[in-house]
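A.B. asks: So you can see what is in the structure, the chains are spelled out below.
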Amino acid sequence: MNIDNAEIVRLIADEATRNDGIARIVDAYTEPLYWHIRRMVVVHEDSEDILQEMWIRVFKHIATFRGGASELRAWIYSIATNLCMTHLKRRWRWSFIGMDGIGAKLAEQIPQTTGDSADSIEAKFQKAVLSLPAKQRLVFNLRYYDELSYKEISRITEMSEATLKTNYHYAQQRIKELMTQ
Amino acid sequence: MKSFDFNEVGKRLPYSVPEGFFDEARRNAKAVGMKPQASRTKAVLYWSFAAATVAVLLVSSIVGMFSDKDKVLMYRYETLLAKASTEEVVDIAAGYAAGFNEPFTDF
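So the sequence lines, in the order shown, correspond to chains Z and D. Numbered per my numbering, the first sequence spans residues 8 to 188. Numbered per my numbering, the second sequence spans residues 27 to 133.
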């Protein structure tokens, strides 16, 4: 879907057209953000809850959003990403495994959540992605699936673009290794 | 060893969602985010009602400004002044100015 962020920002800035802006932002971002969240937390019910919470936060602050069209997507993704991180930390807080170890726990849940697709190449690929260190996993997902620019990912992760490129490269290498094993 | 080609998987995911999930998620999000817009007629009715309420409150406060005691006092002065001569009126006014709020009952 081709998203006109400039038009959305223009509509939201004016109170008279804000509802129209909100309708467009919801139409444009609900599906991609659900999948972003799902790749992060794996379980559908958790993804649904986080998506709802994300929209509540977006609506709470949208009237004061003064970023440009190029910043809108990064802003929404950063809200979703932070909620995912908080959810994962809270869920595994008593396991003392850290964010990197959580990926392995999530990979274990793939057979339950995918049903018939559990043995598919897609499931194997997701297990490989989930086995990556947390930062690499996030960078890989945002770049590979959501096609965010390194500039946008830098806003979300607060990492330099050079570091992001290195992380993405290592992530690709690691996935290739795991997929050929 | 054959190298893995990312195009073999592309962006496909092993996950699925319940049927109609996205339509419902969009509907729910819009219900939360979109504020109901009052129609012009409703807005006019609202402001008319607000203006009428303010007017009623103002009139009530003016009417109720004088207590029963003040009203009795005013009646006494009116009665007194109707009977008094010009010099007496001057005396009553001077007495009122000096702080004697009660007119002399035995005048």
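Calculated directly from the structure, the hints in this document are not laboratory data. Some hints could be false.
[Claimed, not checked] Straight-line distance between alpha carbons at most 27 Å, and here's what the computed DSS-like set of lysine-lysine pairs gives:
#, chain 1, residue 1, chain 2, residue 2
1, Z, 96, Z, 112
2, Z, 67, Z, 158
3, Z, 172, D, 37
4, Z, 142, D, 37
5, D, 61, Z, 183
6, Z, 96, Z, 142
7, Z, 112, Z, 158
8, Z, 67, D, 109
9, Z, 183, D, 37
10, Z, 67, D, 56
11, Z, 67, Z, 183
12, Z, 172, D, 56
13, Z, 112, D, 37
14, Z, 158, D, 37
15, Z, 134, Z, 183
16, Z, 67, Z, 112
17, D, 28, Z, 134
18, Z, 142, Z, 158
19, D, 37, Z, 131
20, Z, 131, Z, 142
21, Z, 158, Z, 172
22, D, 56, Z, 134
[To be verified] Rough simulated footprint, nothing fancy, chain Z against chain D, three-plus residues with beta-carbon under 8 Å:
#, region
23, 48 to 55
24, 74 to 80
Ideal Cβ placement from N, Cα and C applies to all residues, glycine included.
A.B. asks: None of the hints should be skipped; say for each whether it holds.
C.D. replies: Hint check results:
1. Annotation: proposed proximity of residue 96 of chain Z to residue 112 of chain Z holds, straight-line Cα distance about 12 Å (limit 27 Å).
2. Taken as a hint, the residue 67 of chain Z and residue 158 of chain Z pair is honoured in the structure, with Cα atoms around 25 Å apart against an allowance of 27 Å.
3. At most 27 Å may separate the alpha-carbon atoms for a hinted pair to count; residue 172 of chain Z and residue 37 of chain D meet this at roughly 20 Å.
4. With a C-alpha separation of about 20 Å, the suggested pair residue 142 of chain Z and residue 37 of chain D falls inside the 27 Å cut-off, and the hint holds.
5. Distance hint between residue 61 of chain D and residue 183 of chain Z is unfulfilled; the C-alpha atoms sit about 48 Å from each other, more than 27 Å.
6. Straight-line distance between C-alpha atoms of residue 96 of chain Z and residue 142 of chain Z comes to about 14 Å, which keeps the hinted pair within the 27 Å bound.
7. Restraint check: the Cα-Cα separation between residue 112 of chain Z and residue 158 of chain Z comes to about 30 Å, which exceeds 27 Å; the hinted pair is violated.
8. A C-alpha spacing of about 74 Å is found between residue 67 of chain Z and residue 109 of chain D, which places the hinted pair above 27 Å, so the restraint is violated.
9. As the CA atoms of residue 183 of chain Z and residue 37 of chain D are separated by approximately 15 Å, the hinted pair is consistent with the 27 Å bound.
10. Note on residue 67 of chain Z and residue 56 of chain D: the hinted pairing holds, with a Cα-Cα distance of about 13 Å set against a maximum of 27 Å.
11. Annotation: proposed proximity of residue 67 of chain Z to residue 183 of chain Z is violated, straight-line Cα distance about 42 Å (limit 27 Å).
12. Proposed proximity of residue 172 of chain Z and residue 56 of chain D is contradicted: the alpha carbons are some 36 Å apart, above 27 Å.
13. Note on residue 112 of chain Z and residue 37 of chain D: the hinted pairing holds, with a Cα-Cα distance of about 22 Å set against a maximum of 27 Å.
14. Simply put, residue 158 of chain Z and residue 37 of chain D have alpha-carbon atoms about 22 Å apart, close enough for the 27 Å limit, and the pair holds.
15. Among the hinted pairs, residue 134 of chain Z with residue 183 of chain Z is consistent with the structure: their alpha-carbon atoms are about 12 Å apart, no more than 27 Å.
16. At roughly 33 Å between alpha-carbon atoms, residue 67 of chain Z and residue 112 of chain Z are farther apart than 27 Å, so this suggested pair is violated.
17. Distance hint between residue 28 of chain D and residue 134 of chain Z is fulfilled; the C-alpha atoms sit about 20 Å from each other, no more than 27 Å.
18. Distance restraint check for residue 142 of chain Z and residue 158 of chain Z: the Cα-Cα separation of roughly 16 Å lies within the 27 Å cut-off, and the hinted pair is therefore satisfied.
19. Of the pairs offered as hints, the one joining residue 37 of chain D and residue 131 of chain Z holds, with about 13 Å between alpha carbons and a cut-off of 27 Å not exceeded.
20. Between residue 131 of chain Z and residue 142 of chain Z, the direct Cα distance comes to roughly 20 Å. Compliance with the 27 Å bound is thereby established for this hinted pair.
21. Using a Cα cut-off of 27 Å, the hinted pair residue 158 of chain Z and residue 172 of chain Z holds, with the two alpha carbons roughly 11 Å apart.
22. The straight-line distance between the Cα atoms of residue 56 of chain D and residue 134 of chain Z is roughly 34 Å, outside the 27 Å bound, and the hint therefore fails.
23. Look at the region 48 to 55 of chain D against chain Z: 5 of its residues bring a Cβ nearer than 8 Å to a Cβ of that chain, three or more, so the hint holds.
24. Taking a C-beta to C-beta cut-off of 8 Å, the region 74 to 80 of chain D contributes 0 residues in contact with chain Z, too few for the three needed, and the coverage statement is violated.
Checked against the numbered hints listed earlier, the structure breaks hints 5, 7, 8, 11, 12, 16, 22 and 24; every other hint is satisfied.
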